[in-house]
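All chains, full assembly: derive it from the sequences and hints.
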Amino acid sequence: DAGVTQSPTHLIKTRGQQVTLRCSPKSGHDTVSWYQQALGQGPQFIFQYYEEEERQRGNFPDRFSGHQFPNYSSELNVNALLLGDSALYLCASSLVGGGLAFFGQGTRLTVV
Amino acid sequence: GESVGLHLPTLSVQEGDNSIINCAYSNSASDYFIWYKQESGKGPQFIIDIRSNMDKRQGQRVTVLLNKTVKHLSLQIAATQPGDSAVYFCAENMDSSYKLIFGSGTRLLVRP
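These protein sequence lines map, in sequence, to chains A and B. In terms of the numbering used here, the first sequence has 90 at position 83, counting the first letter as 1, and numbering is strictly consecutive. In terms of the numbering used here, the second sequence has 43 at position 42, counting the first letter as 1, and numbering is strictly consecutive.
What the hints contain is simulated information worked out from the structure, not anything from laboratory work. If you're wondering where the values come from, they're calculated on a predicted model, not measured in any experiment. All C-beta atoms in this analysis are idealised placements derived from N, C-alpha and C, irrespective of residue type, glycine included. Wrong hints could be hidden among the right ones.
To be verified - Stretch by stretch, here's where chain A covers chain B in the computed footprint (C-beta under 8 Å, at least three residues):
no., stretch
1, 43-49
2, 102-108
Claimed, not checked - Pairs of lysine-lysine, PhoX-like flavour, derived with a Cα cap of 25 Å:
no., chain 1, residue 1, chain 2, residue 2
3, B, K57, B, K69
4, B, K43, A, K20
5, A, K33, B, K43
Unchecked claim - Some chain A residues flagged as far from chain B (calculated, every beta-carbon gap over 10 Å):
no., residue
6, Q24
7, P68
8, A87
Next comes the structure, spelled out in structure tokens:
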């Protein structure tokens, strides 16, 4: 079981650019959530996808969007990057109904 | 606001001693709690969970205690080892919500 896998592991982008991060959920999981973790802080919920639709969203602007594919994998897109978007972006997968989530290793995004 | 009130302290313990990490949660409607361990450069790793209909749950070398009266959660690690050094987060979830709410974490340092 490969667990939750994310790509890329590190990324450097320029302010104003757009970025796409990818996630493959743990085998058997159908729900994917994305979290942003700033340095020294706990993860903050961005949104969750189930059945290819966003079903809950945290306090993040519309610049943050996502997608879930029929094979349950997911993408996180961030437009018009700001310096403050620099963080570790975590993908978590779970079974429908919420509860226990398993996390990937994260993508470290640096905006310069 | 919603928060799992774990301010970022550092707990330093001697190898072989027991460790206790505490967490105060703010939402009395939360009914599911998880402890995660996060090592540097990695995503959060599941340690143990507990539902609100329980007040204690034990795993291998770890015990979680839940006191709903005072909205307090603790993680006890027996015979702490150098490999236990990491940041520990508690997270809460409500049945009506799909997201996990994290605190800011406690750093555990194990002295040899």
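The hints, checked one at a time:
Coverage of a stretch by a chain is defined here by at least three residues with a beta carbon nearer than 8 Å to that chain's beta carbons; for the stretch 43-49 of chain B and chain A the count is 5, and the condition holds. By the rule of at least three residues with a Cβ nearer than 8 Å to a Cβ of chain A, the coverage given for the stretch 102-108 of chain B holds, with 5 such residues. A threshold of 25 Å between alpha carbons decides the hint, and for K57 (chain B) with K69 (chain B) the separation of about 11 Å falls inside it, so the pair holds. A hinted pair counts as satisfied when its Cα atoms are at most 25 Å apart, and K43 (chain B) with K20 (chain A) qualifies at roughly 21 Å.
A C-alpha spacing of about 16 Å is found between K33 (chain A) and K43 (chain B), which places the hinted pair at or below 25 Å, so the restraint holds. Distance check for Q24 (chain A) against chain B: the nearest CB is about 24 Å away, which clears 10 Å, and the non-interface claim stands. Once the 10 Å rule is applied to beta carbons, P68 (chain A) is consistent with being away from chain B; the minimum gap is 17 Å. Non-interface status of A87 (chain A) relative to chain B is upheld: no Cβ of that chain comes within 10 Å, the nearest being about 24 Å off.
Consistency with the previously given hints is maintained throughout, with no hint failing.
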